[in-house]
Amino acid sequence: MRPDALPSPRYSVMLSDNRGLGDRLRSSLTVFAHVLLSNRTYELVWYGKHQLWYSFQSPWIDWRAPPHLRIARFPREGGRPNGTVLPVVTENHHWANPNRSVFDSFCTRAIDPGFSQYQQNMTKRFETTDMTKYGGGRDVVLWTGNQGYARHVLSNPLLQERVKELGLSAGNLASCLFNFLYVPTPRALAPFRQKGMYDILLDPHNYIIGIQIRVGDHAFLDNRKGVKALNGSLPGQAHFACAQQLREQLESLPEFGGVSGQAEHSRASGGKTMRRRQAAAPVQPLGRGTLLLSASGGGELDGDVGEEDVTEEAETAAAGEAEGKRVKAEIGQDPAAGAAAARPRRVYWFLLSDSEAARHEALSRYGSSGRLLVAEGLALDHINKQPGYGQESLHVGAGEMWLFGLASAHVVAVGSTYGWLGALAGVTEAKPMRMWGITSNQPRPCRLDQPDPAEAVESWSGGL
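For what it's worth, full-length UniProt numbering labels the leading residue of the sequence shown as 1, then goes sequentially.
A couple of the hints might just be wrong.
Ranges of calculated distance between the beta carbons of each label pair, as one might list FRET restraints [said to hold, decoys possible]:
no. : residue 1 : residue 2 : range
1   : S369      : S116      : 27 to 33 Å
2   : G377      : K124      : 45 to 51 Å
3   : K164      : D62       : 51 to 57 Å
Computed list of lysine to aspartate or glutamate pairs in EDC-like fashion (alpha-carbon distance at most 20 Å, straight line) [what the hints assert, rightly or not]:
no. : residue 1 : residue 2
4   : K124      : E392
5   : K49       : E392
6   : K124      : D139
7   : K133      : E165
8   : K49       : D17
To be clear, the hints were calculated from the coordinates, so they are not data collected in a lab. Quick caveat: nothing in here was measured; it's all calculated off a predicted structure. Glycine included, every Cβ here is placed at the ideal spot set by N, Cα and C.
Work out the full structure, taking the sequences as your base and the hints as a guide.
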């Protein structure tokens, strides 16, 4: 990432100072795509009452860069600025040397008259120009904005050789870029350790349907006021109706205990019919479960190790043992695997929502089944508009977004980047994208064999 052959690093830098978590991360993936294409160094300047590095870190590169000292100061964890900047290698970060040449790739805001034209120009640039040379001979390319253009490099004829070298494809673009840069830290995952979700999410015998309901930014104000009641109404009824359709289709299959197929399941669990049906409802694969252990091995970079860190290591070890059993079960080396295979698979719903009241109402309606996974009592807040919780809300947003990707299928709000980006980040070769978008809470048919096409998903709410 910092080639020694060059006299000094060349940079592609994301200045992230606006919008919610999903939008900010999505925009940064476009910048990172430019980094990979042009062999530059990636840096992220994060503004706000929090630090992204405390919630999301990269196991591969240190992408942190402080804001310019004349613009802002980085806060310490907890959201309280103390006049210091992040501990970075100051001689390397992009504006440590004021003599470096800079190319500004700033985007206009969505409300500005020229925004539509800017979008068209950037789309054309990523689709038709040689992005390996974008920025020319400038040392630094500075980016800001709230749109995604990374997907267009896959169809750019001038970039095909470089894209192939990088191993990028339509099936792995989002997950490859995201997971290289952003793995949740132990503190981001800590709120969910107490919720009993890990074992269920990581068990390949379970089929998880992720559901994301976006009420709107006003929900965060209600959360902070402690509003719990929705007067008997549940936002996102169309989401649950879609998830129910998927659940019924799954539970009609023999491996899920479908009545019509029980005899067939016992006779031909290894036969062609069973294999076809397993293809329709794939087992959760390995990969991100293992990455979860890597995430738990992260932590702060200031050298502080306390009782909480020791506890996290113990929990990581326990998670590692559980993951090992899961791996053995999948490759047939676990004595308990036979018993597990004999019992029907189970379908769970994993709910995300920006509204604490919506979570509470959903739990009261569907919680008695034992099949609804939903965390309550979290610091739910918009990281930019009402950042009342500071770092705690960023921990929650990062951890829950990443866990959402562990689901096998997803029903999400089309207008919210947070849900579909989290889902795409969990895509693997063994677990391809299976997503159904809900627009304005309008009901729709949802079939297991007809998820929304990838090209549609990647263009939702600003695009990938």
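How the hints compare with the structure:
1. S369 - S116: 27 to 33 Å: violated (47 Å)
2. G377 - K124: 45 to 51 Å: holds (47 Å)
3. K164 - D62: 51 to 57 Å: violated (28 Å)
4. K124 - E392: violated (39 Å)
5. K49 - E392: Measuring from Cα to Cα gives roughly 10 Å; hence the hint holds.
6. K124 - D139: violated (24 Å)
7. K133 - E165: Holds, at about 17 Å.
8. K49 - D17: Satisfied, since the Cα-Cα distance of roughly 11 Å is no more than 20 Å.
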